[in-house]
Each structure stands twice: as C-alpha cells, then as structure tokens.
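*Asks:* If you want the building blocks of each chain, they are given just below.
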Amino acid sequence: MRSTNDMASFEGKNMATILSDAGEFEVQAADGLCVSAADAERATGWTLKPEGMCRGDLCVPLRAEMQRGGKVDLAAFWRLLGNPVVHDERQQIWALGAGADERAAALADGMAPDFTLPDLHGKPHTLSALRGKKVFLCTWASW
Amino acid sequence: MPVWQQLFGSLSAEKFMIVAVAEESRGAETARPWIEAAQPKYWSLIDTEHRVADLYGMVNVPQAVWIDEAGHIVRPAENAGSTDHWRRRDPATGTMSAAGQAARLAARQRYLDAVKDWVLTGKYALDGAAARRAQPRITPEIALAAAHFRLGVWLRRHGNAAEGDAHLAEASRLHPESWTIWRQGADLVEVGKAGGPEFRARVDALGERPYYIPPALPGFR
Numbered sequence: 057m058r059s060t061n062d063m064a065s066f067e068g069k070n071m072a073t074i075l076s077d078a079g080e081f082e083v084q085a086a087d088g089l090c091v092s093a094a095d096a097e098r099a100t101g102w103t104l105k106p107e108g109m110c111r112g113d114l115c116v117p118l119r120a121e122m123q124r125g126g127k128v129d130l131a132a133f134w135r136l137l138g139n140p141v142v143h144d145e146r147q148q149i150w151a152l153g154a155g156a157d158e159r160a161a162a163l164a165d166g167m168a169p170d171f172t173l174p175d176l177h178g179k180p181h182t183l184s185a186l187r188g189k190k191v192f193l194c195t196w197a198s199w
Numbered sequence: 002m003p004v005w006q007q008l009f010g011s012l013s014a015e016k017f018m019i020v021a022v023a024e025e026s027r028g029a030e031t032a033r034p035w036i037e038a039a040q041p042k043y044w045s046l047i048d049t050e051h052r053v054a055d056l057y058g059m060v061n062v063p064q065a066v067w068i069d070e071a072g073h074i075v076r077p078a079e080n081a082g083s084t085d086h087w088r089r090r091d092p093a094t095g096t097m098s099a100a101g102q103a104a105r106l107a108a109r110q111r112y113l114d115a116v117k118d119w120v121l122t123g124k125y126a127l128d129g130a131a132a133r134r135a136q137p138r139i140t141p142e143i144a145l146a147a148a149h150f151r152l153g154v155w156l157r158r159h160g161n162a163a164e165g166d167a168h169l170a171e172a173s174r175l176h177p178e179s180w181t182i183w184r185q186g187a188d189l190v191e192v193g194k195a196g197g198p199e200f201r202a203r204v205d206a207l208g209e210r211p212y213y214i215p216p217a218l219p220g221f222r
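Protein chains in written order, with this note's numbering: chain R, 57 to 199; chain P, 2 to 222.
One or more hints might be untrue.
Restricting the straight-line Cα-Cα distance to at most 20 Å, the calculated cross-link-like pairs of lysine to aspartate or glutamate (EDC-like) are [claimed, not checked]:
1. Lys-179(R) - Glu-70(P)
2. Lys-194(P) - Glu-178(P)
3. Lys-189(R) - Glu-70(P)
No lab work stands behind these hints: they were computed from the structure.
With these hints in hand, go ahead and build the complete structure from the sequences.
*Replies:* Structure representation (structure tokens):
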C-alpha cells in the first residue's frame, strides 16, 4: 500500500512528450516540464553538472528556480538559451525547437546539416552516409 | 519524380545520388502511389515533420540543395526548375497555352541539364563564400514557426485536430513566406485544400512576385 503522501507525489507527476532535434521522448514531468537530469540529457543532449547545464565544453549556469530536488525545469532552461518552446494546452506535449542562431550557424558552416529519415518501408537512411558522392537533395509533396 | 529517375539513370551511381524527400505530414501511405509510379532507384524518403525544410530553410516544393562529395553545400535551397507558367492558365478552360507549356518543360529540362553538368564537370557549384551568401536567412520567427509546425503535426496525428490546426496556423502566421507550411496545414484539414480557392487567392495576392522563385542558373531570370 502506498501512503497518502506517496500517492500525492505520485499523482503530481505526469507523463509528457518532448519533441526535440534528437527525436521524440516520453518523460515524467511535474510543474510544466520539470524533469530528471537523465531525461533532460536524453531529450536535449545537455548534462546537469554542478556548474550548470553542459554540452561539450560549454556550460550554462542555471538560475536557482530552474532546479529543484534533482529536477531541471527544462522549458525554462530552453528559453534561457533563447530557443523556441511551445506546448499543448494540457502541457503534455512540448516542442523544444532549435534557435534561429543554431540553424543559421549550421548553414553558414557550409556542411550539409545531417538527418535520418525512413523510406517507404520504414528503413532509415542517413544523409552523411553518402559522403564521397555528389548529392542532389530535393523535396516534393503530394499536396 | 519520373524525371529524377531519368536523370539518375543517366549518371553513375558510384559518384551521384538523388535524395528525394516527400514533405508529407500525412505519412508514407499518402506518398506511396507517386513513389511506386516513379520506381526510383535513388533514395526516396518520407519526412512527416518537414525536418529537411526546417534544417535547410526551404519554403516551397520542389526545392533542392546540391551537396558535393565532401558534404559541403554548393548550392543552397532553391527552386528545382519549376516555373510560374501555370499561373497564366486560361481561366475558362484551366489550360496553359501551348507556348507556356513548352516554356515550362524547357525550363525543367534546363534545370535537369544543369544538375547533370554539375555532376559531370562541377559546373554551377558555388564556392564557400558564395554559397554562404546564398543561404536563406533564418529568423527567430522562422525558428518558432518550425516548433509550432512540429507540435501541430503531432497533435493532428494524435487526434487533436482543433489544437493542432491552431499551431499550424500560428506557424504559417510566423513564417508567411513558407508555402510548405501553409499548404501542408491546408492539406491536413482536407485533401485538395492545399490547391483550392484559398490557395489560388494567396497566389493571386503575390501580384508580380513569383510563386516559384527562379533558381540563380543561366536561362532562369
């Protein structure tokens, strides 16, 4: 049997879905998008360390209110980076987008941004696997 | 699509690949008839979230990016040889003039020939600085539009059409130059709406401005 307190804290948690550049992730979230450090890293590639959220050599200090009991307010952190955050009315589905600077920097770098997409049979194909060939990357649609 | 297979078949698969991406939020089954008809030997991929448009700053279909052997972009996103002749159809019959039809096909061939020249000789590849200058500009509004679009498509796919449509509309409001966002949103509401009266009104509102912005290649301006 759960104690009343356990039940309350259990019910305070919700499942949320994060849509990020890294993919689609199911996480446990509370108070908007407060998630475990492990889930934050899985969905965004940013790791919680004593000095803040870190990716590679870069660390961004968190404001005090962005961190509670080992949880990270991922939406607040994402906005702190200047990146788009949008969610549904029930705050269960969160799109954490790439910022304009990130997209523009990738294009200015000159290398073709990499992606992996499925074919008609669901088999994934990754652009960078075509190094050594010229590639004509084109889009179309039925509509 | 059949013309891309023709192009692909005329070049060595050792040194060249076509990656044709269907910007198709309804999913693979919607794209299937076109792909099966073209019988492509090249990569034919399904992009329900329009990730390629987001990464490369594309705003319409068909658009193309040319990538060299080292993975460098040598021509950023631009229209892949389509022209605006369709806008000057006879309003009564809906048909293009013979001259318009011929000019449209000639332009498409000119574009495919340019791709072929590039593959064989390197012609038309921009150097690093010129390629950077030609890249589309990504604004904070465009980045935010991409997030709304992705959420909108997700909500629609999971049965929440009303809320999904609101996010798709917001994406289009934030990025009004993107025909891809508007037309995909319209298509998700109802098949055919992407080319219906509201679409034609939006195209008419362009006035003298092009719907298919010509590629910066000889014979297109």
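*Asks:* Does each hint fit the structure? Answer for all of them.
*Replies:* Status of each hint after checking the structure:
no.: 1; hint: Lys-179(R) - Glu-70(P); result: violated (23 Å)
no.: 2; hint: Lys-194(P) - Glu-178(P); result: holds (18 Å)
no.: 3; hint: Lys-189(R) - Glu-70(P); result: holds (5 Å)
The structure does not agree with numbered hint 1 stated previously, though it agrees with all others.
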